[in-house]
Amino acid sequence: MKAAAFHYMQPKTVDEALGCLEQLGSDATILAGGQSLMASLNMRLSNPAVLIDINAIDELNGISTVEGRLRIGAMTRQAELEYSPLVSQHAPLITMVMPHIAHPAIRNRGTIGGSIAFADPAAELPACLVALNGQVVAQGPNGERRIAATEFFQDLFETALTDNELLTAIEIPMANENQRFGFRELARRHGDYAMVGLCASSDWSSDNLTELRLAYFNVGPRPVLAEQTASDICRIWPQVRNEMPLDQLESELDPPDDLNASSTMRVHLAKVLTRRIIEEWLS
Amino acid sequence: MSDSLAVLKGDNNISLTVNGESISERVPVRRNLADFLRLDLGLTGTHVGCEHGVCGACTVRLDGKIVRSCLILAIQADGKRVDTIEGLSDDGYLEDLQASFHARNGLQCGFCTPGILLTAAELIETHPDADREKIREFLSGNYCRCTGYHAIVDAIESVVHSRQKKREL
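Chains as they are written, first to last, in this note's numbering: chain A, 1 to 283; chain B, 1 to 169.
Bound conformation, chain A alone:
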C-alpha cells in the first residue's frame, strides 16, 4: 500500500526540530531512518498529520568519546556503527549485535536513535543499551537531560520521552579489559526479529564474576533485566558449568505466546541462550 497524505518539515538544527515539536505536539512524528516508520505509514498502521524529518540535522551524526563514555549521535546509521573502530573498541557488544539487525540495505539507512526511540520490544538495540547500562540523551524546551536505559523503556513502544523532546544521542560507559560481553538470539531466518534474544555484559576479574547484566528481548513489552538470575550465577561462579542456576528465569520472564513460540518455549529458549553465552565465556 501507499502512505496516506501527510505534511512534512525538514529542520536543519536541533533547535529548529524542537521548535517544530513545540508547535505541533502530538500531531507530529519524528522521521529518523524511517525503516520502521515508513513501513507502518505504507501499511497505514500509523497516520501522523506531520512528519518532522531529522535526516538533515548534521549535529545528530557521529561517534565520539566523552569523559569515559562513548557518545553516539541519534542519527548515526546502523551500518556506520557496524564498522566503527571506536564502537568495537569501547562498546564491542554493539558490534556483535549489529549484523543481526535486519539486513544491509536497512542498516545503511536505519539509525540507533530511531531504534531506541521506537522501543520495539523485539529489537536488539534497546536490550543492548540496557545490558550496557547506557543512557539516553534527550533535548527539550528546558534543555538536556539524561535518562538511564532501565528507566527509558517503559512499556510496549512507550518511552520516557515527552512529546516535546528529541532523542539526540545515546551514551555508554566505555568498556574495560575485564568486561565480557555476549550476544545470542534465535530467529527463524537471519535478519528476522528474534523469538528470544539476550544481550549480556559482566565484569570478570580473577575468579569473580560481578556486574552481570542479562537483558532479554522479545520476552515482554520491553527489555527485561533478569537481576535474580544474574546474581545466582555470580554467587556460584565459576562452578556454574555443570549446574547453571537458571530456574529463576521462569519467574523473572513472562513472555506472551505468539505464532512463533509459546510462552513456555520462549522461557526455555532464554535459558538455552543464557547457557550458551556463559559457556562461551568459560571456554
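Honestly, the hints are just simulated from the structure, not real lab data. Check the hints yourself; a few may be wrong.
[Stated by the list, open to error] Derived DSBU-like pairs (lysine-lysine); straight-line CA-CA distance at most 35 Å:
id : chain 1 : residue 1 : chain 2 : residue 2
1  : A       : Lys12     : A       : Lys2
2  : A       : Lys2      : B       : Lys166
3  : A       : Lys2      : B       : Lys9
[As the list claims (entries may be wrong)] Estimated spans, in silico, between C-beta atoms of each pair:
id : chain 1 : residue 1 : chain 2 : residue 2 : range
4  : B       : Arg81     : A       : Lys2      : 19 to 29 Å
5  : B       : Gly64     : A       : Thr65     : 22 to 32 Å
6  : A       : Glu177    : B       : Val7      : 49 to 59 Å
7  : A       : Glu279    : B       : Lys134    : 21 to 31 Å
8  : A       : Arg241    : B       : Arg81     : 50 to 60 Å
9  : A       : Arg44     : B       : Gly64     : 45 to 55 Å
10 : A       : Lys2      : B       : His127    : 29 to 39 Å
11 : B       : Val7      : A       : Glu250    : 44 to 54 Å
12 : B       : Asp78     : A       : Arg241    : 53 to 63 Å
13 : B       : Gly64     : A       : Lys2      : 21 to 31 Å
Just so it is clear, CB atoms sit at the ideal spot from N, CA and C, and this is done for glycine as well.
Keeping the supplied structure of chain A fixed, place chain B upon it in accordance with the hints.
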C-alpha cells in the same frame, strides 16, 4: 518562519541526480522513492514487491549505498545521487555479475534480480572475500520465490572468485 521550517504540503520541487543525469521534478510529499522512479521517471527496473521493506525488490543505491526505495520519500532524495539497475547496467558496473547470473541460472522470473544484483555488488565491494555463508547472510533481505537461492549464491560466489583471481594477477 525560516524556509527550513516551512510545513510542506502537496507537491514540492526536488532536484537530484539519477543514473548520472540531473533531474528536477515536482512530487507530492507522500511519494516514495520507488514510485517516483517508476511512475514519474519511467525507470521500471526498480521493482515494488511488499512496499514495507521486507522483500528487497526495490533496492537502489542512494549516495552509493543500497537502500530500500519503498522506505524513503522522494523528497528525502532531494540533492542526492540515486543509481538504479538501469544506470548500473548501462555503465557496465554489474557486467560480470549479470553474466554470472545468466551462466548459472541465477534467476527465473527475474522480479527480484535487480535488487539482488545491487545487493550482491555492495557485498563484493565491502566483503571482497565473502564465502557462501556471508553471501547468504548479506542476501537475507532479498527474497526470491523461484530459485531457492542456491544458483544465486553460486553466481555471486563465482564472481567473488574471479575478482579474487584478477586481484592476484
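Just pull the numbers of the violated hints for me, sorted ascending. 2, 9
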